[in-house]
Amino acid sequence: MSERRREVTWGQRTEGQADVIRSFSLSIRQLPDPAFRRVLVRALALAIIVFIGLAGVVWFFLAGTSFFTFWLLETIVDVLGGIAVAVVTWLLFPAVASFFVSLFLEEIVDAVEDRHYPDDPPARPVALSTTVMVSLRFTGITVALNIIALPFYLLTFWFPPFAMAIFYCLNGYLLSREYYELVALRRLDAADAVSMRKVNKQRLFLAGVIITFLFTIPIVNLFAPVIGVAAMAHIFRSLRTGEAA
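Mapping of the sequence shown onto our numbering: residues 215 to 459, in sequence order.
No lab work stands behind these hints, which were simulated from the structure alone.
One thing to keep in mind: the hints can contain errors.
If you anchor each label on the Cβ, the simulated ranges turn out as follows [said to hold, decoys possible]:
{"no.": "1", "residue 1": "L287", "residue 2": "I362", "range": "21 to 31 angstroms"}
{"no.": "2", "residue 1": "G270", "residue 2": "E229", "range": "43 to 53 angstroms"}
{"no.": "3", "residue 1": "K415", "residue 2": "G296", "range": "37 to 47 angstroms"}
{"no.": "4", "residue 1": "L287", "residue 2": "D324", "range": "47 to 57 angstroms"}
For each residue, glycine too, the CB sits at the ideal point set by N, CA and C.
Make the full structure from the sequences, and use the hints.
Below you can see the structure in the form of structure tokens.
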């Protein structure tokens, strides 16, 4: 690779990274927007109900089932079951919360475009059935892959950086694809959306890793799905027009 080409590539990469950071900054500053708050309340309520139901089912199963006659072993099983629920909740919360936020995607992206890009032509509405199918597909893939990766998380527990790297890379890739596709389908057909994603995969992957990181921060993770969708709206618009967010 020539020196000139290397400089251009480095400059494009740096510009792309800066654009991603700007997109998240704009999204965070828009959190007080009433449209954001409405989506946040509804999505979080639905996600919490799902996980409370999951915890209730596991508790009922453990409380009503005796695996051992010796009380100490039974207590250990109950404790391990509770820990397993907590771990699964932590691993799957991004996927479940993202699914519910996707149901209200139009409200978030419309709020972003109305505030920052009022001169853009209206986007074509995406059918709710399409949104649900895309979200269900990615949610299913995310859940399945995280369950498959669970042994690797446990095996690398002794070296947390490696376990976290697996978690961030896996979920960063999946979340970036889901959020991008949901936003892009409002403006592009499926083939063009895939083509744009492949060309800009590094920038989108960085956005996905940041979204995943936000999901791992207590309290902040409650806002992560809305921030992620809004940021992806900025990033997609930047990619589509060739302008910085």
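Going down the list of hints, with the structure as the test:
{"no.": "1", "hint": "L287 x I362: 21 to 31 angstroms", "result": "holds, 29 angstroms"}
{"no.": "2", "hint": "G270 x E229: 43 to 53 angstroms", "result": "holds, 49 angstroms"}
{"no.": "3", "hint": "K415 x G296: 37 to 47 angstroms", "result": "holds, 39 angstroms"}
{"no.": "4", "hint": "L287 x D324: 47 to 57 angstroms", "result": "holds, 56 angstroms"}
Going through the hint list in order, the structure satisfies each hint without exception.
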